[in-house]
Amino acid sequence: MTIPLLLLFGLSAVAVVPLAYASNSYTNTTLYIGGSTLIAPIMNDWTTNFHTYTGGAVTVSYDPVGSTTGTKDMLEDVFSAGWSDAPIPANGLATLGTGDVVTSSSATCGAACPPVTGLEGNDPLVQVVDGLATVSIFYNIPGITTSTHLNLTGDVIAEIYLGHILKWNDPRILALNPDLTSAQKTDLAAYPITVVHRSDGSGTSFALTSYFSVEDANWTTDGHTNSTAASNFPVGVGGDGSAGVTGDVLSTDGAIGYAEVSYPIGAGLSYAQVQNAAGYYVVPSPASGSAAAAADAARTAKDPTFTIVDASGAGSYPISTYTYVFIWANQDLGTSAGSAWTQGDAYDLVQFLNYIVTQGQSLATELNYSPLPAAVVSNDLSLLAQINYSGTPILTSPSITATCNHATAVVGTTAVVCTATLTGATTPTGTISWSSSAAGTFTKTSCKVSAKAHTCKSTFHGAQATSSESLTATYSGDLNNAPALASASLTVTQRTSSATLVCAPASIGVGGRTSKCTAVVLGYAPTGTITFSQTSSDSGAVTFSTTSCTLSDITTGSSRCDVTVTATTAGKVSITATYGGDTNNVGSVSKSKVVTVTG
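If you're matching positions, the sequence shown starts at 621 in our numbering and goes up one per residue.
Treat the hints loosely; a few may be bogus.
Stated by the list, open to error - Result set (BS3-like, lysine-lysine): computed pairs, CA atoms no more than 30 Å apart in a straight line:
id, residue 1, residue 2
1, 1211, 1136
2, 1064, 1077
3, 1192, 1211
4, 787, 805
Said to hold, decoys possible - Have a look at the derived ranges for each label pair, beta carbon to beta carbon:
id, residue 1, residue 2, range
5, 985, 1125, 57 to 63 Å
6, 1164, 1037, 43 to 49 Å
7, 1066, 932, 17 to 23 Å
Simulated from the structure, these hints should not be mistaken for laboratory data. All of these numbers come straight from a predicted model, not from anything done at the bench. Every residue, glycine too, gets a C-beta built ideally from N, C-alpha and C.
Build out the structure end to end from the sequences listed, making use of the hints.
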C-alpha cells in the first residue's frame, strides 16, 4: 500500500501561525502515543505540563518503545501519534519493520509495495519536527571521571563500532588525547572496549550511523548504512532502548554506548567531546546542538528530513539530530488504541503537538535539549494547521503580528513603540508578552487579552548595541486558542559620547606644584578607556601619573578619570583626553586644555 507524504513540507510563513479549535474546549481523554527513547526525558515533562495546562482534562501516555516500533504502531493505530529520530524520506522508501513500508506518492513500486496492515486507505502523513537533541558517546572507564571528556573523532568511534579498535589504549585514541596523565593512561590500558548498541529499531542508531557514513569509509565499504536496525552493528551487545544501553554501560567496566546526553548525565557517566567538521572538539550540549541546527537553518525549515550530522561551524556538535512525530492528515480514524476516535480526541492530540513546538520548547535547555529554530517552528505550525477530520480542518488559524514604529534605535536613548496584535482568535483570555533577544527593556512586559482588547503596546529601550535584535511577542494561549509568537527586527546603534577635560590650576612650575586634570565621559554606561596625551609641538613638557584609565559602568562606578600632571620643562603644554569608545558608545576626543609651565 502506498502512503503519500503529501503534507511532509509546509508553506513558509513570515509570522508564526497559532492554532485554535472550533469547539473551544478539551475533551476528557487519554492519548496513547509512543516511539523514540531519545525524546523520552523531555517528553515526561511535556506530558505532565500539558495535563496541567488543560486543567487535568487531557492525559498523555507516552510509551518509549523505540523509533521503529513507535512509527509502526502509529501506522497501525496502536498509537495516535508515533515518534522517531529517523525521518520518513520524501523521495523513497523508509523501512519501518518487517513487511511494513511507507512510500512517497512519487515512488515507482506501486502495487508491488509491501502492504501495511490496519491503515485507513490512501491517507497522507504529516511529519512534524518536535525536538532537537545531541547524541552523546559515553563510556565507563574507572579512573576517568566525568570532568575528563576524552577526545574522539568520527572515524575512531566508527572503527570501535566496527570492532577494529578493541582497546581503550589503542594508539589512535591516545594520539587524540595527549594531555592524559600517566595514571589515566594506565586506567585506559586496564580495560578492553565492550561495544553496546541498541537492540531495537532506533532513530538514535540512525543518527549515529548517518554520522559514521559521513566520517568513515570503512563503514560503507563493509556494507553498513545509515539505519535504525540493530543488525547494522557487526559487534557488541544490544541494550533495549536508550535506558537499556545506559544501564549496560553503567554495569560494564570498559563499555561504550550512545544516547541523548541526558542519559549519561543522569547516570553519572563520562562522555566524549567529538571532533566536528571544523576541527574543534565539542561536547554535546544545548548550545552545540543549536549551533548545528543554525548551520543549515534555512534548509531544515523547508526539508525536515535533512540530516544535521557533521554540521559546519566551530561550535556545532557533530552528532546532532532532529526528532519527528508522525500523524495522519485525516484524523477520522474510526478507532485508535482500541477506542472510538472523535474530533475532540483529534483536537487534543494536535493541541499537544502545538504545545510541544511552542511553549514546550522553553523546557529544552534545562533538560539538555536544544530549542527548535524559529523557522522550523513556523513550518511545524503550518503543517499542523492542515490536519482535518473528515475533510473539515480541526483547527482555525488566528495570527499574531509584531510591529515597531522605528527600525533603528540609539542605545539608551531612543524609545521605540512596539505593538503586538492578535487576530482571528476565539474568545481569547491569555496574555501577550514581550521579550528581547539582547538586553533591551520594555515599559510593559505583558498585557492580558480580553474579548475587547487583542493588542499589547509597549515602549522598548535598547540596552546593548547590536546589529540585529529580535523583539518577540508571544501569546500564552488559553483553553480555546493555542500559543503564538511573532518577531520584529530592530537595529540598536551606538550612542555618541562626549569627552570633556578640566585641568586646575592652569599654571604650574618645574619642581613646584602639580595640576589635576579630570576627564569626564558622557555616554551610555561608558566602560572604555581614556588616554591622556600632550601635543608633540608644545614648547613645554609634563609627565602624567597615569596615561590611561578604564571607566566602570556609570550605574555602579565612575565615568571620570583623574590624573596628576607634573611639570618637567617650561613652556605651553596642550593636554587632550581621548575616549576609545566601547560596545555601546562611539569614541570621542576632548578639547585641548593649555597648562602653562613656568621655570
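List of violated hint numbers, smallest to largest: Failing hint: just 7.
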